[in-house]
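There are 4 protein chains.
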Amino acid sequence: MRQHKPFRSEMGFSTADRIVVRGHDLVEDIIGKVSLGDMAWLEIAGSLPTPQQSAVFNALMVTLVEHGMTPNAIAARLTYLGAPEALNAAVAAGLCGVGSTFAGTAENSARVMQEALKNVERPDLTRIAADIVRTFRASRTPIPGLGHPIHKPVDPRSPRLFEVAKQNGYYGNYCELIQLIAAEAERATGKALPVNATGAIGAIASELGLDWRICRGIAVMARAIGLVGHIAEELKEPLAREIWERVDDEVSEDLRKR
Amino acid sequence: MRQHKPFRSEMGFSTADRIVVRGHDLVEDIIGKVSLGDMAWLEIAGSLPTPQQSAVFNALMVTLVEHGMTPNAIAARLTYLGAPEALNAAVAAGLCGVGSTFAGTAENSARVMQEALKNVERPDLTRIAADIVRTFRASRTPIPGLGHPIHKPVDPRSPRLFEVAKQNGYYGNYCELIQLIAAEAERATGKALPVNATGAIGAIASELGLDWRICRGIAVMARAIGLVGHIAEELKEPLAREIWERVDDEVSEDLRKR
Amino acid sequence: MRQHKPFRSEMGFSTADRIVVRGHDLVEDIIGKVSLGDMAWLEIAGSLPTPQQSAVFNALMVTLVEHGMTPNAIAARLTYLGAPEALNAAVAAGLCGVGSTFAGTAENSARVMQEALKNVERPDLTRIAADIVRTFRASRTPIPGLGHPIHKPVDPRSPRLFEVAKQNGYYGNYCELIQLIAAEAERATGKALPVNATGAIGAIASELGLDWRICRGIAVMARAIGLVGHIAEELKEPLAREIWERVDDEVSEDLRKR
Amino acid sequence: MRQHKPFRSEMGFSTADRIVVRGHDLVEDIIGKVSLGDMAWLEIAGSLPTPQQSAVFNALMVTLVEHGMTPNAIAARLTYLGAPEALNAAVAAGLCGVGSTFAGTAENSARVMQEALKNVERPDLTRIAADIVRTFRASRTPIPGLGHPIHKPVDPRSPRLFEVAKQNGYYGNYCELIQLIAAEAERATGKALPVNATGAIGAIASELGLDWRICRGIAVMARAIGLVGHIAEELKEPLAREIWERVDDEVSEDLRKR
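Residue numbers (my numbering), protein chains in the order written: chain A, 109 to 366; chain B, 109 to 366; chain C, 109 to 366; chain D, 109 to 366.
Calculated from the structure, these hints are not laboratory results. Each hint should be verified, as a subset may be incorrect.
Claimed, not checked - The calculated lysine-lysine pairs, modelled on DSS-like cross-linking and capped at a C-alpha distance of 27 Å, are: (1) Lys113/D - Lys113/B; (2) Lys344/A - Lys365/C; (3) Lys260/B - Lys365/D; (4) Lys260/D - Lys365/B; (5) Lys226/D - Lys344/C; (6) Lys141/D - Lys260/C; (7) Lys141/C - Lys141/D; (8) Lys113/C - Lys365/D; (9) Lys113/B - Lys260/C; (10) Lys344/A - Lys113/B; (11) Lys260/A - Lys141/B; (12) Lys260/B - Lys274/B; (13) Lys274/C - Lys226/C; (14) Lys365/B - Lys344/A; (15) Lys260/A - Lys299/A; (16) Lys344/D - Lys113/C; (17) Lys260/D - Lys141/C; (18) Lys365/A - Lys260/C; (19) Lys365/A - Lys344/C; (20) Lys365/D - Lys113/A; (21) Lys274/A - Lys260/A; (22) Lys141/A - Lys260/B; (23) Lys113/A - Lys365/B; (24) Lys113/B - Lys365/A; (25) Lys260/C - Lys299/C; (26) Lys141/C - Lys274/D; (27) Lys274/A - Lys226/A; (28) Lys344/D - Lys365/B; (29) Lys113/D - Lys260/A; (30) Lys365/C - Lys260/A; (31) Lys113/A - Lys226/D.
Claimed, not checked - Computed far set for chain D versus chain B, every beta-carbon distance over 12 Å: (32) Arg126; (33) Lys141; (34) Gly154; (35) Thr158; (36) Arg185; (37) Thr187; (38) Gln222; (39) Asn227; (40) Pro231.
Note that beta-carbon positions come from the ideal geometry of N, C-alpha and C, so glycine has one too.
Please put together the full structure from these sequences, using the hints given.
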């Protein structure tokens with residue numbers, strides 16, 4: 109028979125009079141003392157942030173909370189219309205759409221850079237940027253983290269995020285590299301391809317030491333908050349039913365006419 | 109034909125050089141200035157919090173982020189095992205289980221109290237508490253927000269949360285009422301039925317002016333963060349496969365023997 | 109320490125050369141011999157259906173597969189737009205909205221009738237129907253399974269479903285009862301309140317011996333199939349992006365004008 | 109302003125006395141006449157199946173319904189434990205895990221073959237198989253649709269599925285090709301790499317004319333049914349709580365000892 113491996117986790121446990129989260133006493137050390145953003149850092153990094161980490165991480169997170177009427181916000185509202193007894197499932201439905209089209213590029217951008225700088229002691233960033241641009245262009249794949257359909261010629265979030273990173277000592281090789289990639293891509297294509305918000309977030313998350321595989325989690329935590337916001341508005345000013353009816357009316361009218 | 113109603117929302121919009129969220133310029137006024145917890149308040153309340161609202165709301169939120177190896181944390185990890193390409197869907201799976209068994213009582217507790225105090229100018233809280241206890245006992249339904257299977261005789265989170273509420277001027281009729289309900293329930297049943305964390309959260313969320321129907325959203329935002337934390341740990345110390353294999357081995361061995 | 113209870117399940121297991129599902133050899137006895145609808149019955153009832161059970165159960169199921177542009181179909185399409193790498197998560201998002209507003213009434217209808225007829229040997233159906241109508245009217249709650257916003261004065265699916273049930277020997281007390289409830293409700297209110305499709309399904313599922321708590325599962329299995337159908341159409345004739353853009357355009361234009 | 113594109117869909121519509129699904133009258137032509145499996149074909153292919161298509165498609169589908177205690181089945185059960193009011197969300201949670209690890213290989217297998225045979229009139233299957241094996245081996249990526257951790261040396265489902273395909277005239281180039289790929293891979297690696305169930309399903313779905321991008325949908329429809337089956341068993345013989353408690357106990361005991 110297969111030998112059991114032990115179940116091990118550092119996340120937390122409870123006794124009759126105590127709750128411990130990541131090694132901290134919830135009641136004594138967290139409630140009333142730690143903010144939500146710092147708690148999020150504790151969850152993914154395993155220890156409470158320094159003031160600098162907190163400033164940079166909160167900046168990344170608030171950038172991703174709200175983008176107005178996105179497909180996932182509309183999906184969450186429509187789901188709530190069908191199942192108002194389960195707000196949690198409406199948010200879950202919205203999160204199911206936080207994928208490669210709209211939120212995955214931070215993940216991909218971080219991946220490209222983390223793999224390029226892995227185990228490289230004194231990286232030649234200009235050469236690495238040129239290599240990355242060449243490889244992506246050869247496979248006719250868009251370079252993650254560059255360009256934006258609306259925010260042209262500059263995604264205004266990126267310079268602000270880099271500024272916060274700089275002020276807190278987290279502007280290093282990754283931030284340099286994504287800027288060099290953008291410059292090289294613009295040179296090679298002749299198009300405006302500024303670092304977009306997910307490119308900046310991918311770079312800065314890498315500076316913070318976060319594994320690229322958890323970068324989509326930053327968007328997920330932030331969007332979960334934004335999606336609850338949409339449900340809160342839906343409670344006061346419902347929109348989902350009108351969206352549904354317009355779609356259904358137009359489709360049905362066309363089908364009936366045939 | 110049906111007349112269209114206009115699509116209206118205050119959540120946000122973008123132009124080429126600007127992103128506006130709930131009336132605030134994201135780049136100028138939010139990134140680097142507003143913390144994640146305050147952003148969450150902005151999303152559900154529509155305006156930035158006062159320092160007191162911020163303190164109380166962040167305290168509620170951090171209480172709900174992490175509870176160790178809950179069913180929804182395990183579900184998220186197992187989902188990630190099957191679909192590592194979609195961290196977002198793993199968190200969504202976990203949120204699907206944030207329902208009536210483990211997280212809904214804040215909602216119900218807030219509902220009972222908000223309905224009891226609605227449009228009552230000078231409420232006789234002792235009488236209202238007695239009425240609530242009598243009604244629930246008559247229908248043999250547990251009173252939401254009281255008692256805990258592990259945390260006995262006191263749920264240590266509740267006094268701490270009430271303390272934070274008091275320090276910030278948010279300990280009012282709802283907090284009084286839930287305490288009176290607990291006292292009356294203990295008197296009537298002879299059992300220890302302290303205000304549990306979700307009872308305290310239901311009361312304090314009501315003090316903050318939050319509609320009971322959005323109270324599950326507090327748990328959802330917080331748990332989304334906790335679930336990303338579990339995936340982050342799963343990346344480093346995988347647990348899901350061992351859980352699956354132990355279950356499958358034991359079930360299969362039994363079936364093969366029959 | 110707590111004593112372990114054994115993990116037990118009858119669902120299935122595998123060996124190197126064999127897969128057993130609910131006691132049947134998948135390769136020998138199921139593939140090429142059992143249809144999908146009968147397999148669904150095997151899953152929830154634990155044994156293969158008789159021809160009569162198969163006819164009735166398949167009739168219930170196909171009724172619920174497709175309803176055109178419902179909120180959950182639109183939600184699934186919008187989710188697929190955001191995460192085309194995870195068709196499974198798009199269907200999951202759609203299923204999150206198969207709840208109390210649109211699909212839960214079969215569950216509730218079955219529940220009301222199963223609780224009313226539980227352990228009653230020779231039920232007086234007319235009196236029971238009158239009691240049910242009186243109770244719901246007293247609490248100002250709509251009676252589950254009656255009335256439809258579009259299908260008036262008759263939901264055409266219900267007589268057809270009852271006909272299939274009758275032809276196969278599954279028209280008994282539950283089917284009688286829902287008809288009597290509808291008659292009594294129409295008499296008491298003076299309104300047209302025909303048995304709707306979910307009322308008929310609730311009654312017929314009860315005739316088939318299905319627990320009311322699994323009745324939502326019939327809708328879930330059927331809608332999962334319908335939602336995959338919507339994604340299949342979305343692949344050929346995309347609709348989600350246009351829905352999103354119309355909503356976002358109208359909301360953004362209004363916000364920019366303020 | 110952007111010009112609206114019309115909302116168009118062939119899925120279905122309703123009038124007061126009629127429901128039309130994919131051009132068929134639901135009451136007249138589907139209920140009591142079409143089985144669930146054939147309805148599933150109608151949803152994804154747009155027309156009712158021939159008897160041969162029905163036989164082959166139902167065979168594919170029933171193969172994927174049930175696999176015992178998989179990670180997604182356990183996740184669905186744990187979710188139901190937390191939110192029994194929303195069976196739909198429990199199934200959704202399970203579907204979130206039907207991804208690349210366990211169910212995506214039919215998709216990938218179909219993709220590889222459809223891209224290889226696209227617009228090729230008289231394909232040299234042996235050469236194409238050799239090319240595919242060489243390419244995958246060069247990039248050190250496993251070839252989708254081959255090999256199985258348990259079912260060795262043969263996955264018993266594959267020969268049975270090919271047999272059903274042959275009997276119904278759907279054993280063509282794709283089925284030949286996957287067999288040639290397996291033979292070539294076994295020759296090149298010296299390992300047993302038989303066509304597994306998802307390889308067979310990918311090939312046969314391609315024979316049926318299904319786009320590789322919808323192939324995961326076959327697994328999703330089938331698994332949704334299987335997951336409802338698991339909830340049905342959970343209602344009678346609960347397993348989720350014991351799974352949770354064993355995990356939590358073992359983790360907590362370890363943490364308390366430190």
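Status of each hint after checking the structure:
no. : hint                : result
1   : Lys113/D - Lys113/B : holds, 19 Å
2   : Lys344/A - Lys365/C : holds, 22 Å
3   : Lys260/B - Lys365/D : holds, 21 Å
4   : Lys260/D - Lys365/B : holds, 21 Å
5   : Lys226/D - Lys344/C : holds, 18 Å
6   : Lys141/D - Lys260/C : holds, 24 Å
7   : Lys141/C - Lys141/D : holds, 19 Å
8   : Lys113/C - Lys365/D : holds, 24 Å
9   : Lys113/B - Lys260/C : holds, 25 Å
10  : Lys344/A - Lys113/B : holds, 15 Å
11  : Lys260/A - Lys141/B : holds, 24 Å
12  : Lys260/B - Lys274/B : holds, 23 Å
13  : Lys274/C - Lys226/C : holds, 22 Å
14  : Lys365/B - Lys344/A : violated, 58 Å
15  : Lys260/A - Lys299/A : holds, 11 Å
16  : Lys344/D - Lys113/C : holds, 15 Å
17  : Lys260/D - Lys141/C : holds, 24 Å
18  : Lys365/A - Lys260/C : holds, 21 Å
19  : Lys365/A - Lys344/C : holds, 22 Å
20  : Lys365/D - Lys113/A : holds, 18 Å
21  : Lys274/A - Lys260/A : holds, 23 Å
22  : Lys141/A - Lys260/B : holds, 24 Å
23  : Lys113/A - Lys365/B : holds, 24 Å
24  : Lys113/B - Lys365/A : holds, 24 Å
25  : Lys260/C - Lys299/C : holds, 11 Å
26  : Lys141/C - Lys274/D : holds, 15 Å
27  : Lys274/A - Lys226/A : holds, 22 Å
28  : Lys344/D - Lys365/B : holds, 22 Å
29  : Lys113/D - Lys260/A : holds, 25 Å
30  : Lys365/C - Lys260/A : holds, 21 Å
31  : Lys113/A - Lys226/D : violated, 47 Å
32  : Arg126              : holds, 19 Å
33  : Lys141              : holds, 34 Å
34  : Gly154              : holds, 28 Å
35  : Thr158              : holds, 34 Å
36  : Arg185              : violated, 9 Å
37  : Thr187              : violated, 4 Å
38  : Gln222              : holds, 20 Å
39  : Asn227              : holds, 29 Å
40  : Pro231              : holds, 31 Å
Going down the numbered hints, you'll see the structure goes against 14, 31, 36 and 37, while the others check out.
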